[in-house]
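Novice: Sequence:
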Amino acid sequence: MLSDIEIAQQAKMQKITDVAAKLGISEDDIELYGKYKAKLSYDLIRRVKDKKDGKLILVTAITPTPAGEGKSTTTVGLAQGLAKLGKKVIVALREPSLGPCMGIKGGAAGGGYSQVVPMEDINLHFTGDFHAITSAHMLLAAMLDNHIQQGNALNIDPRRIAWKRVVDMNDRELRNIVVGLGGKAHGVPRQDGFDITVASEVMAILCLASSLHDLKERLAKIIVAYDYNGNPVTAGQIKAQGAMAALLKDAVKPNLVQTLENVPAIIHGGPFANIAHGCNSVMATQTGMKLADYTITEAGFGADLGAEKFFDIKCRYAGLKPDATVIVATVRALKMHGGVPKTDLKTPNVEAVKKGLVNLEKHIENVKKFGVPCVVAINIFAQDTAEELEAVREHCAKHGVNVALSDVFAKGGEGGIDLAKEVIALADSGESKFAPIYPLDMSLKGKIETIAKEIYGADGVNYTKEADKALKEFEELGYGNLPICMAKTQYSFSDDPALLGRPSGFKITIRNCRIAAGAGFIVVLTGDVMTMPGLPKVPAAEKIDVTDDGVISGLF
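Residue -7 is where the sequence shown starts when you use this note's numbering, and the numbers rise one by one after that.
Treat the hints as calculated values from the structure; they're not laboratory data.
Just so you know, these numbers come straight off a predicted model, no measurement behind them.
Even glycine gets a Cβ: it sits at the ideal position worked out from N, Cα and C.
The reader is advised that the hints may include incorrect statements.
Straight-line distance between alpha carbons at most 30 Å, and here's what the computed DSBU-like set of lysine-lysine pairs gives [claimed, not checked]: (1) K334 <-> K347; (2) K76 <-> K31; (3) K445 <-> K464; (4) K31 <-> K79.
The calculated label-pair distances, taken between Cβ atoms and stated as ranges, are [unchecked claim]: (5) V180 <-> G497: 44 to 52 Å; (6) D219 <-> K338: 54 to 62 Å; (7) D520 <-> L(-6): 45 to 53 Å; (8) D219 <-> K425: 45 to 53 Å; (9) D410 <-> K361: 43 to 51 Å; (10) K231 <-> L(-6): 25 to 33 Å.
Throw the hints in and build the complete structure from the sequences for me.
Specialist: Here you go:
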């Protein structure tokens, strides 16, 4: 079979004006970035906001393993399957980050015959959104240090600066640095560091903002430092929000592209699924629901992280009520959760599948706790046996959940028709009784413990002195009514990545907490979550090249 990039390069793309026309969008309502990319205009977004919403379907997954689950591929393939059935559909995804593209992951635009295109553009610079976010973030960092240099009228304590710098690349050397060296004219020396752009609060804000006005208000609330009396200092006090919003005025508009089968796709924003909420933008999802009968979107990592944050943070702020959820699983990943090493996954092992099903079972239970009906999509591979697939089907049937086999990697939309039929039945059933899992007026610790016990299956929560102090401080400052954004390993329900399956008898340790006042959530740190990844021994970048004619190879 051809590689992902070879398949993408052979695609017969339609002009983006023709893709927009399928949604009733005229050329006057889009801003062209060449033949195959466009941004949706403010006028269009405002004009459709009072239209009736279409159905919203979330695609999530079991706990990730190195074997892979194919969540983005399934998301795209499901949209193509719905289109095959004559449905008016949009797929809404996140934008890939350059760091992982050049690091371990490679490209991130789906796979096989279920991709979004132009694949190279989407994975690299696209329409410049991430560059704009990086620039806005760095402007605030520069203005903050300049304020201190120019007399420090806000009495900022340089030891309590919370605003790091960012770059959209995996660069471990920048995690911990010293800035301001070189004498009085070159700034105030202090310890600093870089995060990757997708971990920036500016990214989270852009993805939760409902309008340009809302974006500017959220930017002003960013806490960048604390003064010598312990009071928070905001971007608004630095007077940076206007210029930051000006840099983001185009980035905040959703991007329109297409799938390999010319189904409309909105790709916009990409907050870290660990340190932030891991979903595409609110404006993209809301606009998609106004333009199509079915909007298919996804959230990062497994349902314990991505779906929980989608429901408790994004849906709460945006007023979204999802109609159905798809939980993606693979037989090979279930075997890993059942104790089989990665090297032996091609060997049939029904007992290991049955043992690993406890992981899928917990994710099904969790989604149901939010009142949203679900279907399990098995992303199939050639080595899967009928007995292994039947074991999954039987187990899910006991929990009142249907299973659909998905072959969208190899067959595109045709391989997603069975899943599409299940999704239509669920979404149109009216069964969804969506509600977040905790109320906002609950204490911060109460919210954390609800997530830990109800979603992760923990027995309880331990707090370090730093975490305990931070939570008390946030409540005293008036931020106790914000939702929680858990920063936890994606590889386990627990905070120990080695505990696969459905661990029990464990407690979650909260080592520290940070506030994202502009985005509107409290980041709760468990374990050792990196906000600036490093490159592996053999980076994916080593295999990426470009010909003299400008044709890219090796991206995935």
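Novice: For every hint, state whether the structure bears it out.
Specialist: Results for each hint:
A threshold of 30 Å between alpha carbons decides the hint, and for K334 with K347 the separation of about 16 Å falls inside it, so the pair holds. For the suggested pair K76 and K31, the alpha carbons sit about 26 Å apart, so the restraint of at most 30 Å is met. With a C-alpha separation of about 21 Å, the suggested pair K445 and K464 falls inside the 30 Å cut-off, and the hint holds. Straight-line distance between C-alpha atoms of K31 and K79 comes to about 23 Å, which keeps the hinted pair within the 30 Å bound.
Taking the beta carbon of each, V180 and G497 are about 49 Å apart, inside 44 to 52 Å as hinted. Judged by the Cβ atoms, the range 54 to 62 Å given for D219 and K338 holds: they are separated by roughly 60 Å. Separated by about 39 Å at the C-beta atoms, D520 and L(-6) break the suggested range of 45 to 53 Å. Take D219 and K425: their Cβ atoms lie about 46 Å apart, and the range 45 to 53 Å holds.
Between D410 and K361 the C-beta distance comes to about 27 Å, which lies outside the given range of 43 to 51 Å. Taking the beta carbon of each, K231 and L(-6) are about 53 Å apart, not inside 25 to 33 Å as hinted.
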